[in-house]
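Peer 1: Sequence:
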Amino acid sequence: MTRGRPAEEGAGEGASGASPTDPEPDEPRVGWFTQWLRRRPNSFEFWEVLVTDERLVWCFAGESFRSMLLRADMGEATRAFLEDATPEAALAHSERGFSVPLASLRTLRLRQGTRTRRARLVVEWEASGERVAWELSNTADGDEQADLLERLANRESFSHVDCEVETPRFAFL
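The sequence shown runs 1 to 173 under the UniProt record's numbering.
No lab work stands behind these hints: they were computed from the structure. Quick reminder that beta carbons are idealized off the backbone N, C-alpha and C, glycines included. Treat the hints with care, as some may be off.
[Claimed, not checked] What follows is a list of derived Cβ distance ranges for each label pair: (1) Glu156 <-> Ser64: 33 to 41 Å; (2) Glu54 <-> Glu95: 19 to 27 Å; (3) Phe170 <-> Arg39: 36 to 44 Å; (4) Ser94 <-> Asp53: 22 to 30 Å; (5) Phe170 <-> Ala127: 32 to 40 Å; (6) Ser94 <-> Val122: 31 to 39 Å; (7) Ala133 <-> Glu156: 18 to 26 Å.
Build out the structure end to end from the sequences listed, making use of the hints.
Peer 2: Below, the structure written as structure tokens:
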């Protein structure tokens, strides 16, 4: 897992000759998990995950309090930035962003939502000899992106990853 800053990794303008928003031909995006949040004890963290054939780039998009009075989706500006951003620019967008090499990725599991429950995305990877798992919930406006997970499962670069789309037993609830 690596943290990103353009100066540390030699990315950004000048290093590759491309601007931060030009597509990088050597690491094209193959997907984007958008509008997902991670539940924390006192807040919701909004995360966007860019997918390439080399890594998952986790982009911190904002944070909101759990209180209904203070709750808001803080990720809109980051989502707009990520529309055309390269993986390196996305990684450098926030200090909290990080990347997970595809070789370390173990599981991508999507449990589809129902009328009363939001979709859940579980991502597991190996870091420093330990297994790390993050469970993300879909935002109220978000798409479950089951089609993206199915496309990734068919890619050669994801052959070692357990990709699964689960349908809840009682999907009508």
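Peer 1: For the range 36 to 44 Å, tell me whether the beta carbons of Phe170 and Arg39 fit it or not.
Peer 2: For Arg39 against Phe170, whose Cβ atoms are near 22 Å apart, the range 36 to 44 Å is violated.
Peer 1: Between Ala133 and Glu156, does the beta-carbon spacing fit 18 to 26 Å?
Peer 2: Given a distance of about 25 Å, which is inside 18 to 26 Å, the answer is holds.
Peer 1: When you take the CB atoms of Phe170 and Ala127, is the distance between them in 32 to 40 Å?
Peer 2: Given about 35 Å between the Cβ atoms, the range holds.
Peer 1: When you take the CB atoms of Ser94 and Val122, is the distance between them in 31 to 39 Å?
Peer 2: Since Ser94 and Val122 have Cβ atoms about 22 Å apart, the given range 31 to 39 Å is violated.
Peer 1: Does the Cβ distance between Glu156 and Ser64 fall inside 33 to 41 Å?
Peer 2: Holds, at about 38 Å.
Peer 1: Check the following: the C-beta atoms of Ser94 and Asp53 are separated by a distance inside 22 to 30 Å.
Peer 2: Since the Cβ atoms of Ser94 and Asp53 sit about 23 Å apart, the hinted range of 22 to 30 Å holds.
Peer 1: Holds or violated: the 19 to 27 Å window for the beta-carbon distance between Glu54 and Glu95?
Peer 2: holds, 22 Å
Of the numbered hints given earlier, the model fails hints 3 and 6; all others are met.
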